[in-house]
Amino acid sequence: MSIKIKSVTDIINKYDHFIFDMDGVIWTGGQFIESGVKGVKSLIEKGKSVYFLTNNSTKSRQSYFEILSGIDIKTDLNHIYSSSYLTAVYLKMNNYKKAFNLGVIGITEELSAQGIKTKDSEEFKNNQYVTYDIFNSIKPDEDIDCVVSGHNPQFNYYMLCYASLCIQKGCKFVAANPDSYIKVQNRLMPAGGCIQAILERATGEKSLLIGKPSSTALEIIMKQNNIEDKSKIVMIGDNPETDIEFGWNCGIDTILVTTGVTSQEQAEHIKTTYVCDHLYI
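Number 30 in UniProt numbering belongs to position 30 of the sequence shown; there are no gaps in the numbering.
Since the hints were derived computationally from the structure, they do not count as laboratory data. All C-beta atoms in this analysis are idealised placements derived from N, C-alpha and C, irrespective of residue type, glycine included. Where hints are given, some of them may not hold.
Pairwise CB distance ranges (calculated) [claimed, not checked]:
#1 132 to 112: 32 to 40 angstroms
#2 266 to 92: 36 to 44 angstroms
#3 114 to 142: 17 to 25 angstroms
Produce the entire structure from the sequences given, and follow the hints as far as they go.
Here you go:
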(Lines of atoms letter the chains of each structure in order from A and count residues from 1; the text may use other names and numbers.)
(Lines give C-alpha, C1' and ligand atoms only; values in the text may rest on other atoms or scores of the structure.)
Protein backbone atom coordinates (compact mmCIF):
# COMPACT_ATOMS: atom_id res chain seq x y z
CA MET A 1 0.00 0.00 0.00
CA SER A 2 1.48 3.33 -1.06
CA ILE A 3 1.74 6.16 1.45
CA LYS A 4 0.15 9.45 0.39
CA ILE A 5 2.29 12.47 1.28
CA LYS A 6 1.43 16.15 0.92
CA SER A 7 4.91 17.24 -0.17
CA VAL A 8 8.49 16.00 -0.36
CA THR A 9 9.25 17.84 2.89
CA ASP A 10 7.10 15.26 4.73
CA ILE A 11 9.91 12.70 4.37
CA ILE A 12 12.92 15.00 4.31
CA ASN A 13 14.50 13.49 7.43
CA LYS A 14 14.34 9.91 6.18
CA TYR A 15 16.62 10.33 3.14
CA ASP A 16 19.94 11.99 2.35
CA HIS A 17 19.93 11.57 -1.43
CA PHE A 18 17.03 12.59 -3.68
CA ILE A 19 17.09 11.57 -7.35
CA PHE A 20 14.71 13.59 -9.53
CA ASP A 21 13.38 12.79 -12.95
CA MET A 22 12.89 16.09 -14.79
CA ASP A 23 10.24 15.83 -17.51
CA GLY A 24 6.89 15.49 -15.74
CA VAL A 25 8.37 16.48 -12.38
CA ILE A 26 10.15 19.81 -12.86
CA TRP A 27 8.64 20.68 -16.23
CA THR A 28 6.18 19.28 -18.73
CA GLY A 29 5.49 20.17 -22.35
CA GLY A 30 7.92 23.09 -22.17
CA GLN A 31 6.26 24.57 -19.06
CA PHE A 32 7.85 24.57 -15.60
CA ILE A 33 5.96 22.87 -12.77
CA GLU A 34 6.03 25.32 -9.85
CA SER A 35 5.64 22.72 -7.10
CA GLY A 36 8.44 20.61 -8.61
CA VAL A 37 10.84 23.54 -8.84
CA LYS A 38 10.06 24.64 -5.27
CA GLY A 39 10.42 21.07 -4.00
CA VAL A 40 13.91 20.75 -5.48
CA LYS A 41 14.99 24.15 -4.15
CA SER A 42 13.73 23.39 -0.64
CA LEU A 43 15.79 20.19 -0.47
CA ILE A 44 18.94 21.90 -1.71
CA GLU A 45 18.46 24.73 0.79
CA LYS A 46 18.20 22.17 3.59
CA GLY A 47 21.52 20.60 2.58
CA LYS A 48 20.21 17.43 0.96
CA SER A 49 22.07 15.82 -1.96
CA VAL A 50 19.92 16.27 -5.06
CA TYR A 51 20.59 14.50 -8.35
CA PHE A 52 18.82 14.81 -11.68
CA LEU A 53 18.27 11.68 -13.77
CA THR A 54 16.57 11.85 -17.16
CA ASN A 55 16.01 9.40 -19.98
CA ASN A 56 15.97 12.26 -22.47
CA SER A 57 19.06 11.62 -24.59
CA THR A 58 18.61 14.61 -26.91
CA LYS A 59 20.53 16.98 -24.63
CA SER A 60 23.90 16.93 -22.90
CA ARG A 61 24.46 17.47 -19.18
CA GLN A 62 25.65 20.98 -19.92
CA SER A 63 22.34 21.80 -21.61
CA TYR A 64 20.39 20.61 -18.57
CA PHE A 65 22.71 22.51 -16.25
CA GLU A 66 21.91 25.71 -18.14
CA ILE A 67 18.15 25.03 -17.98
CA LEU A 68 18.25 24.37 -14.23
CA SER A 69 20.46 27.40 -13.61
CA GLY A 70 17.95 29.49 -15.57
CA ILE A 71 15.27 28.74 -12.97
CA ASP A 72 17.70 29.37 -10.11
CA ILE A 73 18.18 25.73 -9.13
CA LYS A 74 21.70 25.71 -7.70
CA THR A 75 23.27 22.42 -8.67
CA ASP A 76 26.53 21.01 -9.96
CA LEU A 77 27.18 19.56 -13.41
CA ASN A 78 28.30 16.35 -11.72
CA HIS A 79 24.84 15.93 -10.15
CA ILE A 80 23.14 15.80 -13.56
CA TYR A 81 22.75 12.40 -15.21
CA SER A 82 21.22 12.30 -18.68
CA SER A 83 20.92 8.97 -20.49
CA SER A 84 23.28 10.40 -23.11
CA TYR A 85 25.97 10.92 -20.46
CA LEU A 86 25.38 7.54 -18.80
CA THR A 87 25.64 5.81 -22.17
CA ALA A 88 28.94 7.53 -22.90
CA VAL A 89 30.33 6.60 -19.48
CA TYR A 90 29.31 2.96 -19.96
CA LEU A 91 30.89 2.76 -23.43
CA LYS A 92 34.14 4.28 -22.19
CA MET A 93 34.25 1.89 -19.21
CA ASN A 94 33.94 -1.00 -21.65
CA ASN A 95 36.51 0.32 -24.15
CA TYR A 96 34.27 1.01 -27.13
CA LYS A 97 35.93 3.29 -29.67
CA LYS A 98 33.36 4.42 -32.24
CA ALA A 99 29.56 4.50 -32.18
CA PHE A 100 26.87 4.85 -34.80
CA ASN A 101 24.58 7.36 -33.11
CA LEU A 102 20.96 6.71 -33.97
CA GLY A 103 20.00 9.54 -31.62
CA VAL A 104 20.83 13.24 -31.88
CA ILE A 105 23.35 15.84 -30.70
CA GLY A 106 23.11 15.17 -26.94
CA ILE A 107 24.56 11.69 -27.41
CA THR A 108 27.26 12.93 -29.80
CA GLU A 109 28.40 15.62 -27.34
CA GLU A 110 28.64 13.22 -24.42
CA LEU A 111 30.42 10.52 -26.45
CA SER A 112 32.92 13.09 -27.67
CA ALA A 113 33.55 14.26 -24.09
CA GLN A 114 34.47 10.67 -23.19
CA GLY A 115 36.82 10.37 -26.17
CA ILE A 116 34.52 8.13 -28.22
CA LYS A 117 34.23 8.81 -31.95
CA THR A 118 30.82 8.89 -33.64
CA LYS A 119 29.16 8.51 -36.98
CA ASP A 120 25.92 10.44 -36.73
CA SER A 121 22.63 9.33 -38.26
CA GLU A 122 21.99 12.98 -39.16
CA GLU A 123 24.28 12.32 -42.13
CA PHE A 124 21.44 10.22 -43.57
CA LYS A 125 18.51 12.54 -42.79
CA ASN A 126 17.79 13.10 -46.50
CA ASN A 127 18.08 9.41 -47.47
CA GLN A 128 14.37 8.72 -47.32
CA TYR A 129 13.97 5.85 -49.78
CA VAL A 130 15.74 2.47 -49.76
CA THR A 131 15.44 -0.06 -52.60
CA TYR A 132 17.04 -3.52 -52.56
CA ASP A 133 19.91 -2.15 -54.64
CA ILE A 134 20.44 0.79 -52.30
CA PHE A 135 20.35 -1.54 -49.30
CA ASN A 136 22.98 -3.81 -50.87
CA SER A 137 25.19 -0.79 -51.54
CA ILE A 138 25.29 0.34 -47.89
CA LYS A 139 28.75 -0.25 -46.43
CA PRO A 140 28.91 0.33 -42.66
CA ASP A 141 32.04 1.98 -41.30
CA GLU A 142 34.41 -0.82 -40.28
CA ASP A 143 35.59 1.14 -37.21
CA ILE A 144 32.12 1.22 -35.65
CA ASP A 145 31.91 -1.20 -32.73
CA CYS A 146 28.59 -0.14 -31.17
CA VAL A 147 25.19 1.30 -32.08
CA VAL A 148 23.42 3.72 -29.73
CA SER A 149 19.67 4.32 -30.05
CA GLY A 150 17.86 7.33 -28.63
CA HIS A 151 15.06 9.74 -29.42
CA ASN A 152 15.44 11.13 -32.95
CA PRO A 153 12.75 13.29 -34.62
CA GLN A 154 14.53 12.81 -37.99
CA PHE A 155 14.61 9.01 -37.81
CA ASN A 156 14.09 7.31 -41.17
CA TYR A 157 14.32 3.93 -42.90
CA TYR A 158 17.86 4.42 -44.21
CA MET A 159 19.11 5.04 -40.66
CA LEU A 160 17.36 1.85 -39.57
CA CYS A 161 19.01 -0.14 -42.36
CA TYR A 162 22.47 1.25 -41.58
CA ALA A 163 22.12 0.53 -37.85
CA SER A 164 20.78 -2.95 -38.60
CA LEU A 165 23.79 -3.77 -40.78
CA CYS A 166 26.17 -2.56 -38.07
CA ILE A 167 24.54 -4.88 -35.55
CA GLN A 168 24.49 -7.75 -38.05
CA LYS A 169 28.27 -7.48 -38.34
CA GLY A 170 28.66 -7.80 -34.58
CA CYS A 171 28.39 -4.29 -33.13
CA LYS A 172 27.08 -3.91 -29.58
CA PHE A 173 23.53 -2.51 -29.46
CA VAL A 174 23.03 -0.03 -26.61
CA ALA A 175 19.77 1.83 -25.91
CA ALA A 176 19.93 5.18 -24.14
CA ASN A 177 16.27 5.03 -23.14
CA PRO A 178 13.19 2.79 -23.49
CA ASP A 179 10.50 5.47 -23.12
CA SER A 180 7.55 4.68 -25.39
CA TYR A 181 6.21 8.21 -25.54
CA ILE A 182 6.50 11.80 -24.38
CA LYS A 183 3.38 13.52 -23.07
CA VAL A 184 2.74 16.73 -25.02
CA GLN A 185 -0.31 18.42 -23.51
CA ASN A 186 -2.94 15.65 -23.81
CA ARG A 187 -1.26 13.74 -26.64
CA LEU A 188 1.41 11.02 -26.63
CA MET A 189 4.39 11.58 -28.93
CA PRO A 190 6.45 8.45 -29.86
CA ALA A 191 9.85 8.50 -28.13
CA GLY A 192 13.24 6.77 -28.18
CA GLY A 193 11.93 3.42 -27.01
CA CYS A 194 10.02 3.07 -30.27
CA ILE A 195 13.26 3.31 -32.25
CA GLN A 196 14.87 0.83 -29.87
CA ALA A 197 11.98 -1.63 -30.39
CA ILE A 198 12.07 -1.31 -34.19
CA LEU A 199 15.80 -2.06 -34.29
CA GLU A 200 15.44 -5.01 -31.91
CA ARG A 201 12.73 -6.42 -34.16
CA ALA A 202 14.78 -5.76 -37.32
CA THR A 203 17.89 -7.54 -36.02
CA GLY A 204 16.57 -10.09 -33.55
CA GLU A 205 19.08 -8.67 -31.07
CA LYS A 206 18.12 -7.45 -27.60
CA SER A 207 19.62 -4.09 -26.71
CA LEU A 208 21.54 -3.33 -23.55
CA LEU A 209 19.52 -0.66 -21.76
CA ILE A 210 21.46 2.11 -20.02
CA GLY A 211 18.66 4.52 -19.01
CA LYS A 212 15.87 3.90 -16.51
CA PRO A 213 14.61 1.37 -15.47
CA SER A 214 18.05 -0.25 -15.78
CA SER A 215 20.04 -0.26 -12.52
CA THR A 216 23.17 0.85 -14.43
CA ALA A 217 22.33 4.50 -13.77
CA LEU A 218 22.24 4.06 -9.99
CA GLU A 219 25.47 2.07 -10.02
CA ILE A 220 27.22 4.97 -11.75
CA ILE A 221 25.64 7.61 -9.48
CA MET A 222 26.63 5.74 -6.31
CA LYS A 223 30.17 5.08 -7.53
CA GLN A 224 30.82 8.67 -8.64
CA ASN A 225 29.40 10.17 -5.42
CA ASN A 226 30.72 7.62 -2.91
CA ILE A 227 27.22 6.63 -1.76
CA GLU A 228 27.09 3.32 0.13
CA ASP A 229 23.68 3.12 1.83
CA LYS A 230 20.76 2.58 -0.59
CA SER A 231 18.22 3.04 2.19
CA LYS A 232 19.09 6.75 2.22
CA ILE A 233 18.18 7.18 -1.47
CA VAL A 234 14.74 7.95 -2.91
CA MET A 235 13.71 8.28 -6.57
CA ILE A 236 11.10 10.89 -7.57
CA GLY A 237 9.34 10.51 -10.92
CA ASP A 238 6.08 10.54 -12.84
CA ASN A 239 6.44 7.45 -15.02
CA PRO A 240 5.69 4.02 -13.49
CA GLU A 241 7.40 2.16 -16.36
CA THR A 242 10.73 3.97 -16.02
CA ASP A 243 11.06 5.98 -12.79
CA ILE A 244 9.18 3.71 -10.39
CA GLU A 245 10.38 0.48 -12.02
CA PHE A 246 13.91 1.89 -11.75
CA GLY A 247 13.42 2.19 -8.01
CA TRP A 248 12.25 -1.39 -7.67
CA ASN A 249 15.09 -2.71 -9.85
CA CYS A 250 17.62 -0.81 -7.73
CA GLY A 251 16.11 -1.63 -4.36
CA ILE A 252 15.40 2.00 -3.41
CA ASP A 253 12.23 3.81 -2.32
CA THR A 254 10.17 5.80 -4.81
CA ILE A 255 7.84 8.80 -4.93
CA LEU A 256 5.29 8.82 -7.76
CA VAL A 257 4.13 12.34 -8.63
CA THR A 258 0.93 13.05 -10.55
CA THR A 259 2.18 16.14 -12.39
CA GLY A 260 3.28 14.21 -15.50
CA VAL A 261 2.10 11.10 -17.35
CA THR A 262 0.33 9.54 -14.35
CA SER A 263 -3.03 10.86 -13.14
CA GLN A 264 -4.18 10.84 -9.51
CA GLU A 265 -6.66 8.08 -10.33
CA GLN A 266 -4.01 5.93 -12.02
CA ALA A 267 -1.59 6.45 -9.13
CA GLU A 268 -3.98 4.66 -6.77
CA HIS A 269 -3.29 1.38 -8.60
CA ILE A 270 0.50 1.64 -8.94
CA LYS A 271 2.97 0.00 -6.57
CA THR A 272 5.25 2.73 -5.21
CA THR A 273 6.52 3.74 -1.78
CA TYR A 274 4.85 7.15 -1.82
CA VAL A 275 2.37 9.09 -3.95
CA CYS A 276 2.48 12.88 -4.07
CA ASP A 277 0.29 15.29 -6.03
CA HIS A 278 2.51 18.32 -5.42
CA LEU A 279 6.16 18.14 -4.40
CA TYR A 280 5.94 21.37 -2.46
CA ILE A 281 3.02 23.16 -0.77
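Evaluate the given range 32 to 40 angstroms for the C-beta pair formed by residue 132 and residue 112.
holds (35 angstroms)
C-beta pair residue 114, residue 142: status relative to the range 17 to 25 angstroms that was hinted
The hinted range 17 to 25 angstroms holds for residue 114 and residue 142, with Cβ atoms some 21 angstroms apart.
C-beta pair residue 266, residue 92: status relative to the range 36 to 44 angstroms that was hinted
holds (38 angstroms)
Consistency with the previously given hints is maintained throughout, with no hint failing.
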